[in-house]
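**Student:** Line order of the protein sequences matches chains A, B and C. Under our numbering, the first residue of the first sequence carries the number 1, and numbering increases by one thereafter. Under our numbering, the first residue of the second sequence carries the number 1001, and numbering increases by one thereafter. Under our numbering, the first residue of the third sequence carries the number 2001, and numbering increases by one thereafter.
It is worth saying that the hints were derived from the structure and are not from the lab. Any given hint might turn out to be false.
To be verified - Stretch-level coverage of chain C by chain A, calculated; a stretch enters the list once three of its residues show a Cβ under 8 Å from a Cβ in chain A:
| hint | stretch |
| --- | --- |
| 1 | 2098–2110 |
| 2 | 2185–2196 |
| 3 | 2207–2216 |
| 4 | 2225–2235 |
| 5 | 2282–2294 |
Glycine included, every Cβ here is placed at the ideal spot set by N, Cα and C.
The primary structure of each chain is shown beneath.
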Amino acid sequence: MVQEQAPQKLSIQFEDLHQQNESYIVGMWTFLVTEIMFFGAVFATYLVYRVVNQEAFWQAHRHLSVPLGFFNTCVLLTSSLTMALTVHYSQHGLRKQQLLFLLATMALAMTFLVVKGFEYHHKFVEGLVPGPNFHFEPAEYTRVAQLFFSLYFAMTGLHALHVAIGVLVMGVLAVLIAIRHPSVQDFIPVELVGLYWHFVDIVWIFLFPLLYLIPR
Amino acid sequence: MKGVPLLPDTASTFAEQMDALFWFLVAVTVFFTVLIAALVLYFAYRYRRGSNASRAGAKETDLRLEIGWSLIPLTVGLIVFVWAVKLYANIYGPPPENALEIFVVGKQWMWHTQHPNGIRENNELHIPAGRPVKLTLISQDVIHSFFVPAFRIKRDVLPGRYNTVWFTPTKPGKYHLFCAEYCGTQHSRMIGWVYVMEPAEYEKWLASGGEARPGAIASGVGTMAGVSTASLVEAGKQLYTQLRCNACHGTADGPRGPTHYGLFGKKVKLRDGTVVVADEAYIRESILRPLAKVVDGYEPIMPSYEGLLNEERVLQLVAYIKSLKKNPQVAEVKP
Amino acid sequence: MSVTVARPGEVRHNYLNAGDTVRSWLLTTDHKRIAVLYLVSVTFFFMIGGLLAALIRLELLTPQGDLLTSENYNRVFTMHGVVMIFLFLIPVIPAVLGNFLVPLMVGARDLAFPRLNLASWYLYMAGGLIATWAMVTGGVDTGWTFYPPYSSSYSTSQVTLTIIGAFIIGFSSIATGINFIVTVHKMRAPGLTWFRLPLFIWAHYATSVIIVLGTPVVAITLLLVVVERVFRLGIFDPALGGDPILFQHLFWFYSHPAVYIMILPAMGVISEVVACFSRKRVFGYHFVAFSSVAIAVIGFLVWGHHMFTTGQSVYAGMAFSLLSFLVAVPSAVKVFNWTATMYKGTIDLRAPMLYVMGFLGLFVIGGLTGLFLAALATDVHLQDTYFVVAHFHYIMVGGTIFGYLAGLHFWWPKMTGRMYPEGIAKLAALIIFAGFNFTFLPQFVLGYLGMPRRYHWYPEEWQMLHVMSSAGAFLLGIGYLLPMLYLLWSLRNGALAGPNPWGATGLEWKTDSPPITHNFEETPIVTEEPYAYENHHEHEEVASGTGASTTET
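Excised from the complex, chain A in its bound form:
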């Protein structure tokens, strides 16, 4: 069922809807650039230590579960697809499909977080959380392994935080769509959330090989 497009609300500072929409898109891209630099700094830190401590990082990375990581990669990739479909249906004003795929994206995002939670729990049980109880075999690498896991938790934690924020934002968006709130009558809010979500996916696409798939 094609919904009737309600007129978009034009904020006072804009001349027309076209300008308003473009401003939001450019704003979102600019924000994503700051996000890239944000993650970029941690990535750079990681890469420096990774180059200096090849062997130890390889030893440490073996404690990460590649199957779980791969599963999560698939989950996020699928969520990107469902998000793209959400945007697609939103542009066509198809409310039900839009809502359906948005909820699917949320479900996938939460799956990702649950799996990540299991992985964290596992590290905790294994004594791989940096701190006084950190324990690593072979012992010769304890020091650098601690550095590896410090960075592992910092990077994946920062990413998981972004996923969690994504879930929250999508939740708000879903409610607004469900109650036909006027602010989501047009596709721009969905488009913006979509951009953000693809960014979060891409970060993981870099994180997965960097952390889980270290060649010897």
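Put chains B and C on the given structure of chain A with help from the hints.
**Tutor:** This is chains B and C only, laid out in the frame that chain A set:
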């Protein structure tokens, strides 16, 4: 209070070279500052509102001018750049062969210096004029910086890593030593004196174990020359025996550990296939974190000495291991 | 005064009288009101930073360190740096003048995201108050550079709280940067092409790019210090497996460009003021515009010049040194172009123009002394001495504050509708210029002599130079007090300004002073090049500083 000093002491060969560049830069600065100030003031006067100076022919832009005043600063910059690089590469580069080697340990808030013959000083350093001096510096805790204005040299003193710098003092005298990198509460008290002595006096000072200090003035804050009798290598040897390093590292490669004889400066193949040069940093790391670089053919079984040895002790061990020459027969050091 | 609807011939409505409740200020989304909120806040933090500076100069009157303990002295200079850099110099021109003028100059009714703009002020205040809270509850003693391992493993002061404050302020900066970028890209009035933009806008655009690219890096880096400090993860402390030099790389990757965040907006102000009071187009408009962009780009590649003595390789040092000489070129180009703008102009020596001339002198000295520090060999001697302190004060104070004061006086009639008193303003400009030079010229000599920075005690042979510096600081302090007093006075007693008291070009002068809430009655259409002063032969009333204006409406 003695008036207003304007020039620092000039007491090393590098100081003279750097001052030439410094004064060139001062000339550049004064020239351009005066030029711009003169133009601004002249224009402000000549073209003040109400003056009848001709405004005809005023331009909006001029490509030749723009290129010109881009190239002038660029050229000046490049001249200074090349000039400065040569000096910089010299002082932070390899020192001359005959350099006197001094080890410096910085810690909150003190300088320890160690001479090759074992004399140790706190917040003081005695050196002869006319001979190159190489400093090897390391910190026990936070980042410090070894700064002697009269020599125009400064080198950050980092925890966990050796840094080096060298210079040739030229003029006998007593010069300020400062910590230049902020290091905590008593940063401004992490100071001392460098004494440059005539070579003959320096020999006397050495012979007396650091007692005979010409003009040995109590230099104010917390200076006490701590003097040990053993030379640096000798102290290292005692420590080496005391820690029973020789139980595993014999005169030849053994089943538990490789020999240290002839090790320094050699290329060492590691378990992971990489090759490193056995320099001071490598030896230090292998004492404190032996498992970081394990020699090919050996098991990672050596215990770590991190936390058991302070940086001064590590320096003594490094000095001793450096002194072990290829053939154990001639490698015995004289006490 | 709360007339919100304009009646012809009556008191005109404007953004100031659009509402006078506290709520109408704290919940405003009007960029002009947010600019006023920022004006009050940065002035408040400037006064804190200034008091801390006064304590430093008082302490250094004597070599023995007898006024404060070493612990307290270290806290005082650290907080002077933190407050002045994060809470004053970085936001001052973009958040006050930029916020007020960017929409006006591009002919828009507001910034693209007014609510984000208000949020940025709240973030700024939150960060500022957290930093102030850290100060009150013990202070922080690491130096504003937060170098580990001292900051992460040794200092017992309020490092974590201060860093969290700085982190939040960073996001306030980012919000402003995003707003400016989108506004300049998407909201220019019809006919306002990129090369018709005022150079103030070019400068703020370049600044915003630096903010957006650089701030996240320092934010995450400082956060890693907190993580290391709180959880003892080894990221920068070598005793825990980290590398303290890596911190310096990441820190300066932002903090060097941060200098350009401070100076580029000031350069934008200078371009506007020098054109207006020379009644002439800015000489070499395109070169001045592109030099801002060049500074923004090359500025990201020079961070390693803060680390020539740390033991980085000679080759890395060479690359950073060479790039540092390159980044000096666009700055020099600007100075030459401003000077050439005055040539054959019709120069009116109003207070803003005096600040511009002061700026040119101080910025030239600050820039040229930067060459001493970009050159590898001289940097070895001068690094971490008072020479560095004097150099960056010439850039940050001589550059940023002179630019800010020039702009504040220039647009004061636009912001408030009232003229400042001209005579005393000129006097203040001269006092500030003299006081500044008395304060910081001796510090160049001290640095060359070898006086390290952040020293509580110093050898007594240097006392005379320190006394000179402190005396200059006293004069400088008086100079700063004057504008605060007479600008406040002018709010009620200044002559009414009228829409365009300077006869200046630019869209901001084509609306009322103070402007109406949404800036323009109708969207302006731009048909002429920027700074077309040849078309504006002073046909407009130039308000005198003391006499009453006739432009009351």
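**Student:** Can you tell me if the stretch 2225–2235 of chain C counts as covered by chain A, using C-beta to C-beta distances under 8 Å and a minimum of three residues?
**Tutor:** holds (count 6)
**Student:** According to a criterion of three or more residues whose C-beta lies within less than 8 Å of a C-beta of chain A, is the stretch 2207–2216 of chain C covered?
**Tutor:** Coverage by chain A holds for the stretch 2207–2216 of chain C (5 residues, Cβ < 8 Å).
**Student:** Taking 8 Å as the C-beta cutoff, is the stated coverage of the stretch 2185–2196 of chain C by chain A satisfied by three or more residues?
**Tutor:** The restraint on the stretch 2185–2196 of chain C holds, since 3 of its residues have a Cβ under 8 Å from chain A and three suffice.
**Student:** Would you say the stretch 2282–2294 of chain C counts as covered by chain A, given the rule of at least 3 residues with C-beta under 8 Å?
**Tutor:** With 0 residues closer than 8 Å to chain A, the stretch 2282–2294 of chain C misses the three-residue bar; violated.
**Student:** Taking 8 Å as the Cβ threshold, is the statement that the stretch 2098–2110 of chain C is covered by chain A upheld or broken by the three-residue rule?
**Tutor:** holds (count 4)
Consistency with the previously given hints fails for number 5 only.
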